[in-house]
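**Q** Given the coordinates of chain E, work out where chain U should sit on it, guided by the hints.
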Amino acid sequence: MEITFNGKPRRLPKSISIQELLDQLQLDCRQVVVEHNRSIVSHQRLAETPLNHGDTLEVIHFVGGG
Amino acid sequence: MQIKINEQNYTFDDNLSAGEVRDRIKADADLLIVNGFPASAETLLHDGDLLILIRRGEIPGADELDALLTSRHTPGVQRVVKQSTVGVAGVGGLGSAIAIALARTGIGHLIIVDFDVVEPSNLNRQQYFIDQIGLPKVYALRDTLARINPHVRVTAAHLRLTPANIAEIFGHAMVLVEAFDLAEQKVMLVETFAARFPDRPIVTGSGMAGYGPANSVQTHRAAANLFLCGDGATAAAPGTGLMAPRVGVAAHHQANAVLRLLLGHDPVTEKA
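Just so you know, the sequences run in chain order E and U. So in our numbering the end of the first sequence lands on 66, straight run, no missing numbers. So in our numbering the end of the second sequence lands on 272, straight run, no missing numbers.
Read the hints as simulated data drawn from the structure, not as lab findings. Just so we're clear, the structure is a prediction, and the values are computed from it rather than from any experiment. This list has only true hints and no planted wrong ones.
Which chain E residues face chain U? A few, computed with CB under 10 angstroms, are given here:
1. CYS29
2. VAL33
3. ILE40
4. GLY64
Label-pair restraints from in silico Cβ distances:
5. ASP199/U - PRO13/E: 32 to 38 angstroms
6. PRO9/E - ASP199/U: 25 to 31 angstroms
7. PRO13/E - SER121/U: 45 to 51 angstroms
8. MET243/U - ASN6/E: 27 to 33 angstroms
Ideal Cβ positions, reconstructed from N, Cα and C, are used throughout, including at glycine.
Chain E on its own, in the form it takes in the complex (with noise of 0.2 angstroms):
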C-alpha cells in the first residue's frame, strides 16, 4: 500500500501501525508530534492506529529551546 509521508508517496507493508513506522524511522517518538488524515494522534494512541492505503502522515519534529 501507499501513504503520503510528509508530502510525499511512501510504499509500506500491510497493517502497520504508526507506532511500528516511527520505531523503522527511528524517531524519537517523545519530541514528535504525529497528523495523521489532518487530526493530530497522541502518543497513546500510536501503536493502536494502523495505516491504511491512501493515508496522509504528517510527522513534525521539535528541538528544544524557548
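**A** Here is chain U on its own, set in the frame of chain E:
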C-alpha cells in the same frame, strides 16, 4: 462630514484640514495622526476619517488612552484584536516577547502560564529586569504588560502545565502559543490542546538557538492547525546557546502569526 477624533464622533463642514480641526478640538496637540499614519496640519480630511490628536508629554485620561495607544494601528485591526483571547504557554525567551508584542497590539485578553521564576541567566534574552529577579515570571510579566497597555486583561497563572490542566486553563484561548523550552513539553502541549480543541490554531516555536542567519527562521504550516516558527533544527545545546536576537526573531514570527490568524489571514502566505 463625520470625523472620529480620539474615538469620539464629530460632524464638520467639508474641506477642512487636520490642522483646522485640531484648532477647534485640541489646539495644543502637536502630533496629528490620520487613519493610522502621522499627517501634516495641511492634510485635507474626508468623511469617515479617523483623527488622533496628541500633545507630546501629556499623559491622557483613561478614556482617551486606549485610542491613543493604538493610533498607529491599521484601522479595523483594533476592533478585532480587542475581542480576542490568546493563550501563551511558557513565558521565557519566546513567551515574554510574544506577550509584549501582543499587548502592544491591543489583544483583549492574554492568558500567560509558567511555573518558573526570574533568574539572572534569563536576562540575556527574556523580557525581564534586574529588579524582578526572584519573582514568578508570570507576575513580573503581568506588571510589565500593565505598564505598556493597561487595557489588556491579563490572566497570570503560576503553575506547571500538564495534560490534566491545559484544556481548562486555555479553555477560552482562540489561539494557543507554545513557548516552552523542552521539546517533549512542546509535544505534550500540542497533543493535549489539539485533542480537546482540534479547530483552534496552535503557533509553536522550534529551532531558534545560536546566532545563525535570521532569515533561516521561518513560519511554516506544519499540520492543518499547527504552525511552526523557527529553523526547525537548531536546538539549544552545549555550545549553542539561546540569545536575544534570534529568539526575538522567532518570537515575533509567532506573534505575527497569531495576529494574522485573529484577522483571518493565512500566517504563511498573502492569501486571506
